[in-house]
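Engineer: Our numbering numbers the first residue of the sequence shown as 29 and each following residue consecutively.
Just to be clear, a hint being listed does not mean it is correct.
Claimed, not checked - FRET-style restraints, in silico, Cβ to Cβ:
| no. | residue 1 | residue 2 | range |
| --- | --- | --- | --- |
| 1 | Lys247 | Thr43 | 20 to 28 Å |
| 2 | Arg215 | Lys247 | 16 to 24 Å |
| 3 | Gly63 | Asp198 | 33 to 41 Å |
Derived by calculation from the structure, the hints in this document are not laboratory data. A quick note: this is a predicted structure, and the numbers were derived from the prediction, not measured. Positions of the beta carbon are idealized from the N, C-alpha and C atoms, including for glycine.
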Amino acid sequence: MLRLRQICLVAPELTRSVAHLESVLGLKTCFHDPGVERFGLKNALLPIGTNFIEIVAPFQDGTTAERYLQRRNGPGGYMVIMQCDDVERRKKRMKNLGVRLVTVIDNEPHHAIQMHPKDTGGAIMETGLDKRGSDPASPWTPAGDDWKNFVATKIVSSLAAAELQSDEPDRLASRWSEVLEVPLLQRDKTYSLQLENASLRFTQNKDARGEGLRALDIKVNDRNELLRRARIIGCDIDENSVHINGIYFNLLS
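Just need the whole structure built from these sequences, with the hints factored in.
Structural biologist: Structure (structure tokens):
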């Protein structure tokens with residue numbers, strides 16, 4: 029089992045970015061994880077259906093997140109976090125593939141590994157599990173104990189895909205396919221991996237920001253209201269997407 033569970037965005041300042049996601053997408057913050065403070069970060073988790081958008085922001089100098097903001101010239105995508113049921117096996121597999129682990133999380137009931145982006149490309153990749161259950165609506169430690177009470181679906185209902193851009197999308201997609209053990213699919217010049225509940229899409233660079241997480245596909249229940257809210261706060265928008273915190277949110281019916 030491999031399921032997209034959480035997308036982590038990075039921002040220079042937390043409050044404003046969270047407010048924009050709450051305002052435009054109609055989401056609610058369910059949790060602030062004190063555990064990320066050891067990395068010099070503050071965060072917020074917002075459920076989108078049974079998935080989550082996380083935003084992290086550095087409060088100390090010299091953090092990995094701060095360097096990432098500088099390298100990609102501002103806020104944007106940072107991590108792709110997936111739920112699995114075999115962390116220990118994947119940990120051994122990473123060693124065999126020569127993929128370094130930047131973090132190993134062994135805090136009952138949450139166990140996860142984070143892969144070094146220089147060994148995978150694109151973004152920080154994480155696979156993890158919560159021993160309390162593997163159902164999409166089961167507990168998820170990073171989101172706190174009562175995240176289901178904060179699910180708001182009036183505007184948006186779910187996360188359908190994440191898009192990573194690269195000068196060599198075929199190479200990047202092939203590496204992620206190898207690391208995650210998910211078959212690589214190709215249609216024209218777009219490459220993708222189909223997870224249990226969402227897809228990972230790999231495309232040619234579309235801007236000057238370089239390789240990284242560029243867009244999220246979200247299923248929308250009230251497109252007109254979403255666009256109205258986006259205009260109020262001055263988001264870049266078109267008929268099919270809004271730009272918030274350095275990420276394009278593609279609007280799916």
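Engineer: All the hints need checking, so say for each whether the structure fits it.
Structural biologist: Right, here's what the structure says about each hint:
no. : hint                           : result
1   : Lys247 with Thr43: 20 to 28 Å  : holds (27 Å)
2   : Arg215 with Lys247: 16 to 24 Å : holds (20 Å)
3   : Gly63 with Asp198: 33 to 41 Å  : holds (37 Å)
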